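Colleague: Residue-level listing of the chains:
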Amino acid sequence: MKPLRVISVAIAMTVLVACASSSSSGTAGSANPGGELTVFAASSLTAAFNQIGTDFEAANPGTTVTFNYGSSTDLAAQVASEGTADVFASASATAMETVAKDPGVRNRTDFATNQLVIITPTDDPAGVSTLQDLTKPGVQLVLGAEGVPVGDYARQMLDENKLTDEVMPNVVSNEPDDASVVAKVQAGEADAGIVYTSDIENNAGVRGVSIPTTQNVIATYPIAVVTGSAHTDLAASFVDYVAGSQGEATLQQDGFGPPPSG
Amino acid sequence: MHRRLPPLSIVLGAIGAAFVALPVLGLALRAPWGRIVEILTGPGAGTALQLSLEVSLLATLCSVVFGVPLAWILARGTFRGRATLRALVILPLVLPPVVAGVGLLEALGRSGVVGSWLERIVGIQLTFHTAGAVVAATFVSIPLVVLSAEAGFRSLDPRFEHAAAVLGAKPGYTLRRVILPMVGPQLVAGAVLAWARALGEFGATITFAGNLEGRTQTVPLAVFQRLQTDREGAIALSLVLVAVSICVLVALRDRITGTG
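Going down the list, the sequences are from chains S and A.
Numbered by this note's numbering, the letters in the first sequence go through residues -1 to 260 in order.
Numbered by this note's numbering, the letters in the second sequence go through residues 32 to 291 in order.
Mixed in with the good hints there might be a few duds.
Claimed, not checked - In silico SDA-like links for lysine to any residue, alpha-carbon gap of 25 Å or less:
#1 S:LYS160 - A:GLU244
#2 S:LYS99 - A:ASP261
#3 S:LYS99 - S:PRO258
#4 S:LYS134 - S:ARG153
#5 S:LYS160 - S:ASN214
#6 S:LYS134 - A:HIS160
#7 S:LYS99 - A:SER186
#8 S:LYS99 - A:TRP103
#9 S:LYS99 - A:ALA62
#10 S:LYS134 - A:THR161
#11 S:LYS134 - A:ILE152
#12 S:LYS160 - S:GLY203
#13 A:LYS201 - A:TRP103
#14 S:LYS134 - A:LEU243
#15 S:LYS99 - A:LEU58
#16 S:LYS134 - A:GLY154
#17 S:LYS99 - A:GLU263
#18 S:LYS99 - A:ARG262
#19 A:LYS201 - A:LEU211
#20 S:LYS134 - S:GLY203
#21 S:LYS134 - A:LEU58
#22 S:LYS99 - A:ILE152
#23 S:LYS134 - S:LYS99
#24 A:LYS201 - A:SER186
#25 S:LYS134 - A:SER147
#26 S:LYS99 - S:GLY203
To be verified - Beta-carbon label-pair distances, calculated as ranges:
#27 S:LYS99 - A:ALA274: 32 to 40 Å
#28 A:TRP64 - S:GLU80: 40 to 48 Å
#29 S:THR107 - A:THR260: 48 to 56 Å
Just so you know, these hints were derived from the structure itself, not from any lab.
This one's a predicted model, so the numbers in the text were calculated from it and none came from an experiment.
Using N, Cα and C, we set each Cβ at its ideal position, and we do this for glycine too.
This is chain S alone, in the form it adopts within the complex (with noise of 0.2 Å):
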C-alpha cells in the first residue's frame, strides 16, 4: 500500500506543480525580452519559418522559437481555445479573421503572397503540360480539402477559369493540407495535384506545371501577434522580422512572392 500512496502522492504534486508553473508563466513571461515564443503557421511555411525561426534565435539569444504547423482553419480554431500561441501566421485571410474576432490581433501585416501550380510524378503519367489538361478523363487529381486555404483556393481558381464542371470529376481525394497532396503525387499516386509554388520549391521528386498569371490566384499571408500574448513584446519583434527583409529573403527563396504593395 505505501509505495502507492508515494507515487500517487508525486503524480498529483506533479499536477498542481505543472498548474501552478503554467498559470505563473502568463504574468511573468512579458516582463522578460528572451523567452520561449510560440508560433502557429500554415503548413506551407514550414521550410521557410524553420529557417526563420534558427536565424531569429540567432540574432536574439535566449530565445526559443516553437512552431506548431498545420492548415491555416484548424490552427484558428486552435488558437481561440487552447490560448497559447503568440503569433499566427497564416495562408488566408479569413483564418486571420476568425482569429482576429477571438481572441483578437495587434501588427497585423501581409508578409508573402503564393501562388498555385498543378504538380505532377517527374514521369508525368497522364500527361499534364497545361491547366486545361486537368479536363482530360481519367486523370486523378488530388486537391487540399474544401475549407482548407489551398483547396479553396484551388477551387477559386477553377472556378475563375470555368473549369469546375470538367475538372471536379476528376478529383479523387481531398487532403488535409497541401503536405499531403505533395505526397500523394510524389509517390504516384495520383496524377497531378494542385498546391502552392513554394510547395515544391524543395521537393524533389515532383514535376511543376505553372500555371498563367492571369489565370492564377494570388494567395495572400498576414501575420499577427495574438491578443493575451504572454511575450507581446517578443512576439512583435518576431512579426517585425518575418515582414523585414532577412524574413522576406527566406520566404523568396522558399518560392513566395513579395507581400501585395499599399
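Using the hints provided, position chain A relative to the given structure of chain S.
Modeller: Structure of chain A alone, referenced to chain S:
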C-alpha cells in the same frame, strides 16, 4: 467482500473516470440536438454513413474469412516461427494507423511492390477507391478476429476433434460441424470488435485510400473534414460513432467487463 478503499485512490480514480467521461460529455453538451436529424439525413452525412456501413461490414467479412483460418493455424499448427507469425498478425493492433497507411501505400499503392503489378496485370487500383478503404479497415481489424478466435480454439478440448476423426469425419467437416459451433461466441465477439474498429478507422484510410465523398470518405473522415467548415455537423456525426461504440460495449458487456 466489501473493503474500505483508501481515500486517495478514490480521488485519483474519480479524476481518471472524469477524464474519460469528459470528451463524451463535451460532445453531448455541444451537440446541435435541434438540428441533429436534419444534419444526419443531409446529403453529405447520409453518404458517409452508408459508405461507412458498407466498408466496415466488408472489412469484417474479410477479417473473418482470412482471420479465422489464420487463428486455427496459430492454435493447432506446430511449426517453427509460429510465435513470430502471431506477433506479426497482432502488429496492426499496436501500429500507428498512419504508419499502416504508409505501409499499405508502399505495398499496394499504384507504385507499390504488389500494387504496381496489380494495376498492370489485373487492372485494379486500390488507392482512391472504396476497395482501398476496405483494405485499410481490414488491415487494422483482422488482429481482433485472430486473437478472439485463437483464444476460442485453444479453449477447445482436442479430444472432440479426435473423436470426430475417429468417427470418420474429414478435417474440413470437423471444423465446420464440430469446432466452429463450439467457438461461435468467441468468433462473434471477435467479429463485433473488428467491425467497431473498422468503423472507426481513420489514419490508414486517409493515408492509403484518400478522402472523397461517396468513395472513400467514411464517417471518421467526414468528421475530420467537417471540422474545417461545419463544427456542429462534425459533432453530430461524432455522436453517431459514440452511440455505435456504446452499443458494441453493451452487446459484449459480459466479455469485456469480465467480472459482470
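Colleague: Taking the hints in turn, state whether each one holds.
Modeller: Each hint tested on the structure:
{"no.": "1", "hint": "S:LYS160 - A:GLU244", "in the structure": "holds (22 Å)"}
{"no.": "2", "hint": "S:LYS99 - A:ASP261", "in the structure": "holds (18 Å)"}
{"no.": "3", "hint": "S:LYS99 - S:PRO258", "in the structure": "holds (23 Å)"}
{"no.": "4", "hint": "S:LYS134 - S:ARG153", "in the structure": "holds (17 Å)"}
{"no.": "5", "hint": "S:LYS160 - S:ASN214", "in the structure": "holds (12 Å)"}
{"no.": "6", "hint": "S:LYS134 - A:HIS160", "in the structure": "holds (19 Å)"}
{"no.": "7", "hint": "S:LYS99 - A:SER186", "in the structure": "violated (62 Å)"}
{"no.": "8", "hint": "S:LYS99 - A:TRP103", "in the structure": "violated (60 Å)"}
{"no.": "9", "hint": "S:LYS99 - A:ALA62", "in the structure": "holds (23 Å)"}
{"no.": "10", "hint": "S:LYS134 - A:THR161", "in the structure": "holds (22 Å)"}
{"no.": "11", "hint": "S:LYS134 - A:ILE152", "in the structure": "holds (24 Å)"}
{"no.": "12", "hint": "S:LYS160 - S:GLY203", "in the structure": "violated (30 Å)"}
{"no.": "13", "hint": "A:LYS201 - A:TRP103", "in the structure": "holds (16 Å)"}
{"no.": "14", "hint": "S:LYS134 - A:LEU243", "in the structure": "holds (19 Å)"}
{"no.": "15", "hint": "S:LYS99 - A:LEU58", "in the structure": "holds (24 Å)"}
{"no.": "16", "hint": "S:LYS134 - A:GLY154", "in the structure": "holds (20 Å)"}
{"no.": "17", "hint": "S:LYS99 - A:GLU263", "in the structure": "holds (19 Å)"}
{"no.": "18", "hint": "S:LYS99 - A:ARG262", "in the structure": "holds (17 Å)"}
{"no.": "19", "hint": "A:LYS201 - A:LEU211", "in the structure": "holds (14 Å)"}
{"no.": "20", "hint": "S:LYS134 - S:GLY203", "in the structure": "holds (23 Å)"}
{"no.": "21", "hint": "S:LYS134 - A:LEU58", "in the structure": "violated (44 Å)"}
{"no.": "22", "hint": "S:LYS99 - A:ILE152", "in the structure": "violated (56 Å)"}
{"no.": "23", "hint": "S:LYS134 - S:LYS99", "in the structure": "violated (43 Å)"}
{"no.": "24", "hint": "A:LYS201 - A:SER186", "in the structure": "holds (21 Å)"}
{"no.": "25", "hint": "S:LYS134 - A:SER147", "in the structure": "holds (23 Å)"}
{"no.": "26", "hint": "S:LYS99 - S:GLY203", "in the structure": "violated (40 Å)"}
{"no.": "27", "hint": "S:LYS99 - A:ALA274: 32 to 40 Å", "in the structure": "holds (33 Å)"}
{"no.": "28", "hint": "A:TRP64 - S:GLU80: 40 to 48 Å", "in the structure": "violated (26 Å)"}
{"no.": "29", "hint": "S:THR107 - A:THR260: 48 to 56 Å", "in the structure": "violated (27 Å)"}
When the structure is compared with the earlier hints, violations turn up for hints 7, 8, 12, 21, 22, 23, 26, 28, 29 and for no others.
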